[in-house]
Amino acid sequence: MTQAPTMNTPSSLYDRIAQNFAAQGLMATLGATLEAVEVGEVQIALPYSPKVSQQQGFVHAGAITSIVDSACGYAALTQLPPDKDVVSAEFKINLLRPAIGERFVAVGRVQNAGRTLIVCTGEVRAYTAHSDAYKVVALMQATMVGVAR
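Numbering (the UniProt record's numbering), first residue to last: 1 to 149.
Note that these hints are calculated values from the structure, not bench results. Honestly, I wouldn't trust all of these hints.
Within a straight-line C-alpha distance of at most 27 angstroms, the following computed DSS-like cross-link-like pairs (lysine-lysine) qualify [to be verified]:
1) K51 with K135
2) K135 with K92
3) K51 with K92
Build the full structure now, drawing on both the sequences and the hints.
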């Protein structure tokens with residue numbers, strides 16, 4: 001990564017993000033898991049389930065949007081001190097193709113961390129069973145705001 005390190009050590013940074021993630025009811029409801037945390041980048045995985053599908057059988061755009069919004073938000077949180085939290089100020093999502101796959105991984109990345117706003121980009125990758133190959137099914141641009149805890 002090209003981002004400057006924060007005052008967090010890698011393990012304490014992961015623990016901080018994981019604790020915050022565990023407090024999110026929506027991620028638990030969807031069945032999403034925290035996969036990776038680095039300074040400026042976070043990955044969240046979602047297994048396919050009929051519970052998150054839409055009427056044609058692929059994963060609902062709302063579920064896809066939720067995991068990539070959270071991945072961007074947590075990527076932004078890696079740039080903030082421990083006494084801060086983060087909320088979404090705005091985002092735009094492009095749904096590139098139907099979300100067909102066995103597993104979906106949202107990758108959120110910080111593009112610019114300013115004093116007030118943190119601009120992130122995200123993508124959602126669809127994986128099929130037994131393959132490391134993926135197709136990008138969604139792209140997001142998001143602006144996050146640091147707030148007091």
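message: Against the 27 angstroms threshold, does the CA-CA distance of K51 and K135 hold or violate the hint?
response: Cα-Cα ~22 angstroms, so holds.
query: Has the given pair, K51 with K92, been kept, meaning a C-alpha gap of at most 27 angstroms?
result: With a Cα-Cα distance of about 25 angstroms, the restraint between K51 and K92 holds, given a limit of 27 angstroms.
- request: Take the C-alpha atoms of K135 and K92, compute the straight-line distance between them, and say whether it is at most 27 angstroms.
  value: holds, 19 angstroms
Of the numbered hints given earlier, the model fails none.
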